[in-house]
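J.: Sequence order for the protein chains is A and B.
The number in our numbering is simply the position in the first sequence, starting from 1, with 15 added.
The number in our numbering is simply the position in the second sequence, starting from 1, with 189 added.
Simulated from the structure, these hints should not be mistaken for lab results.
It cannot be assumed that every hint is accurate.
Stated by the list, open to error - Here are the computed distance ranges between Cβ atoms for each label pair: (1) A:Thr203 x B:Ala212: 14 to 24 Å; (2) B:Arg502 x A:Gln291: 55 to 65 Å; (3) A:Gly87 x B:Arg345: 52 to 62 Å; (4) A:Thr259 x B:Arg216: 53 to 63 Å; (5) A:Thr65 x B:Asp327: 46 to 56 Å; (6) A:Arg49 x B:Arg514: 43 to 53 Å; (7) B:Arg502 x A:Gln121: 20 to 30 Å; (8) A:Thr65 x B:Asp197: 26 to 36 Å; (9) A:Arg49 x B:Ala320: 23 to 33 Å; (10) B:Arg389 x A:Arg49: 44 to 54 Å; (11) A:Thr259 x B:Leu215: 44 to 54 Å; (12) A:Arg49 x B:Arg502: 53 to 63 Å; (13) B:Arg389 x A:Ala283: 23 to 33 Å.
This structure is a prediction, so every number in the text was calculated from the model and none was measured.
Even for Gly, the Cβ is constructed at its ideal location relative to N, Cα and C.
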Amino acid sequence: MTAAVTLPSAPPRRTPTVRQTLRAYRAMGRAAFRSLVAYQTSFLFGLLATTLAAVAMLYLWRSVLAAGRVNGFDWPAMKAYLLVAFVAGSLVSSYVDYRMAGRIQQGDVAMDLVRPVDYQRSRLAEALGFGGYELGTGLVVAAAAAALFGGVPAPAHRSLGAFAVSAVLVLPLRFGIVYISALVVFWTRNYVGVQSARIALITLFSGSLVPLSFFPGWLQGLAAALPFAGMASTPALLYIGRLTGADAWRDVGVQAAWTVGLWWLGRAMWRGASRQLTVHGG
Amino acid sequence: MARIEADDLRKVFRSPDKRPGLAGSLRHLVERRYSEKVAVDGISLRVDEGEAVAYVGPNGAGKSTTIKLLTGILVPTSGEVRVNGIVPHRNRVENARGIGVVFGQRTSLWWDLAVRDSLELLRDMHGLSTAEYWANLDRLVEMLGIGDLLSSTARRLSLGQRMRADLAAALLHDPPIVYLDEPTIGLDIEVKDRLRAFLRQIVAEGTTLVLTTHDLGEIEDVCSRLVIIDHGRIVHDGGLRQVIETYARERVMHVDLAARPVSLAGIATRLAGATVIEERDGLGVAVTFDPLAHTAGDVLTAIQAELQVVDLRIKEPAIEDVVRRVYAGQLIPGPDDSPDDSPDDSPVR
Numbered sequence: 016m017t018a019a020v021t022l023p024s025a026p027p028r029r030t031p032t033v034r035q036t037l038r039a040y041r042a043m044g045r046a047a048f049r050s051l052v053a054y055q056t057s058f059l060f061g062l063l064a065t066t067l068a069a070v071a072m073l074y075l076w077r078s079v080l081a082a083g084r085v086n087g088f089d090w091p092a093m094k095a096y097l098l099v100a101f102v103a104g105s106l107v108s109s110y111v112d113y114r115m116a117g118r119i120q121q122g123d124v125a126m127d128l129v130r131p132v133d134y135q136r137s138r139l140a141e142a143l144g145f146g147g148y149e150l151g152t153g154l155v156v157a158a159a160a161a162a163l164f165g166g167v168p169a170p171a172h173r174s175l176g177a178f179a180v181s182a183v184l185v186l187p188l189r190f191g192i193v194y195i196s197a198l199v200v201f202w203t204r205n206y207v208g209v210q211s212a213r214i215a216l217i218t219l220f221s222g223s224l225v226p227l228s229f230f231p232g233w234l235q236g237l238a239a240a241l242p243f244a245g246m247a248s249t250p251a252l253l254y255i256g257r258l259t260g261a262d263a264w265r266d267v268g269v270q271a272a273w274t275v276g277l278w279w280l281g282r283a284m285w286r287g288a289s290r291q292l293t294v295h296g297g
Numbered sequence: 190m191a192r193i194e195a196d197d198l199r200k201v202f203r204s205p206d207k208r209p210g211l212a213g214s215l216r217h218l219v220e221r222r223y224s225e226k227v228a229v230d231g232i233s234l235r236v237d238e239g240e241a242v243a244y245v246g247p248n249g250a251g252k253s254t255t256i257k258l259l260t261g262i263l264v265p266t267s268g269e270v271r272v273n274g275i276v277p278h279r280n281r282v283e284n285a286r287g288i289g290v291v292f293g294q295r296t297s298l299w300w301d302l303a304v305r306d307s308l309e310l311l312r313d314m315h316g317l318s319t320a321e322y323w324a325n326l327d328r329l330v331e332m333l334g335i336g337d338l339l340s341s342t343a344r345r346l347s348l349g350q351r352m353r354a355d356l357a358a359a360l361l362h363d364p365p366i367v368y369l370d371e372p373t374i375g376l377d378i379e380v381k382d383r384l385r386a387f388l389r390q391i392v393a394e395g396t397t398l399v400l401t402t403h404d405l406g407e408i409e410d411v412c413s414r415l416v417i418i419d420h421g422r423i424v425h426d427g428g429l430r431q432v433i434e435t436y437a438r439e440r441v442m443h444v445d446l447a448a449r450p451v452s453l454a455g456i457a458t459r460l461a462g463a464t465v466i467e468e469r470d471g472l473g474v475a476v477t478f479d480p481l482a483h484t485a486g487d488v489l490t491a492i493q494a495e496l497q498v499v500d501l502r503i504k505e506p507a508i509e510d511v512v513r514r515v516y517a518g519q520l521i522p523g524p525d526d527s528p529d530d531s532p533d534d535s536p537v538r
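Looking at chain A on its own, in the form it has when it is part of the complex (with noise of 0.2 Å):
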């Protein structure tokens, strides 16, 4: 056959506008938040296992600060860390790698691969859409356990631009680690101890449990070299006024310089991963 022609039903492939591209970016954000929505029960549940966590470490500190302060913080500020640091934890919730995980493991992932989309940033745009829902139910609980341990301090005003900067990061940050830890299942297939280890890594040196500054020097040292502190300790440090001046623009660097670093990791490892697919059946 040699019909050159172009026939009607083989329109010339366009190559979306900058605009377009952004449309379905944000439709999968949008049609993310209302699939989360669709699952409201089954999340909600996983957010009072979280809040009950968080309100029991209320309760923990509360007694030890009770005597006054330690290692410089004393209660209102240790709230206020605390549930800054729950928020910023209930961003990239175990919803988004349950999820890519499960639709590695079953293959679903090669429908991924057929739509004309890029596949990280799909995954980022759906992040950001249960992002919407996930820091919304975050700050209701925070609001509702504040008022219960008796209020929390505003933000520290003089360290308030970085913190702005800070928070905006958590969300893209944490998405580059649970993005990376989904893609391992392509190797192991398998995803509960990938997911463990992940959740243990980040509880440990992202300071949501203990503040870093109450580690051993050398466990400080490692922990302010790893991504995790920008997750819930740098955040909430700045918000209680702990990191200020030049210290606080730092470790908003590392933070970014993190978010970025990951987002490139998450990249090479994901033409690793591809190439690693097997697809078994349909």
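Fit chain B to the given chain A structure using the hints.
T.: Using the frame of chain A, we list chain B on its own:
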């Protein structure tokens, strides 16, 4: 114009070789062993614009793997592939704009969204204008009869409904190439008929179609070319008629008789190479013959010389017979099984 060009495509899967039990798993940690499975073993294929190709073979022959290589889902171990002039696994996103894919066993719909919402998401992903979207959607809704499914959540759909919704999702952006992997698995007759009519229409309009199926009716209805694959290699590639004539040339003449014959030996002697079998309790005869050796007229003359014929029917071979022979392992790939091979050279046992 070639829409799909594959050259010596190979895909080898490596899977860990674990011995059973915990001890086996532990041992695997220390001493990693893998076994290799060749799923696609040197496939070369060229599909032109507007062609409808049936890609057929037994389970595990490598059909789905080939489709996944052509769609860019899998990266080939070696070999070249170009679809719409693009290397699919290197330009996945660009490739996805020019193809529509349905995997019968999976859905491309968003499970928790209404079908309409899924289609709107795809509209945004493909950057369709509102006008294009409505024009295509109206047409698909009419052809696939999915008007009342649009507001249902995907997970509430029955298999047949889901499949039609999935087809709409795959065709919404009017792709020049459509891959359908077992699209009618588990569907009832009415839905199947509707789908076939639909597929005939899009092919007539110039869409290039690659269809894998176990349903032989579908092949005869929709496709003009048949590619048979077994053990990861193409064992035959040719026009549907030509395949039938090569592999299922035998015709059967069934004859009803006025009275029971004394002997059928006479007919057999007149027709060298034909087999003659008694039917209908002696009141009928079935003669299986090769039309290149004897014409139907010869066969009838031979029968009439011996017996009194009341009625007759000639059964043409169906594609089913060819494929059944492949499934039974009766077609064996030749030493050189390039698709350009004259089919007569391919060994038939």
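J.: Does each hint fit the structure? Answer for all of them.
T.: Taking the hints in turn, this is what the structure says about them:
1. A:Thr203 x B:Ala212: 14 to 24 Å: Holds, at about 20 Å.
2. B:Arg502 x A:Gln291: 55 to 65 Å: holds, 56 Å
3. A:Gly87 x B:Arg345: 52 to 62 Å: holds, 56 Å
4. A:Thr259 x B:Arg216: 53 to 63 Å: The hinted range 53 to 63 Å holds for Thr259 of chain A and Arg216 of chain B, with Cβ atoms some 56 Å apart.
5. A:Thr65 x B:Asp327: 46 to 56 Å: holds, 47 Å
6. A:Arg49 x B:Arg514: 43 to 53 Å: holds, 51 Å
7. B:Arg502 x A:Gln121: 20 to 30 Å: violated, 50 Å
8. A:Thr65 x B:Asp197: 26 to 36 Å: The hint (26 to 36 Å, Cβ to Cβ) is violated, given that Thr65 of chain A and Asp197 of chain B are roughly 54 Å apart.
9. A:Arg49 x B:Ala320: 23 to 33 Å: holds, 26 Å
10. B:Arg389 x A:Arg49: 44 to 54 Å: Violated, at about 37 Å.
11. A:Thr259 x B:Leu215: 44 to 54 Å: holds, 53 Å
12. A:Arg49 x B:Arg502: 53 to 63 Å: holds, 60 Å
13. B:Arg389 x A:Ala283: 23 to 33 Å: Violated: the Cβ-Cβ distance is about 46 Å, outside 23 to 33 Å.
Hints 7, 8, 10 and 13, counting from the list given before, are not met by this structure.
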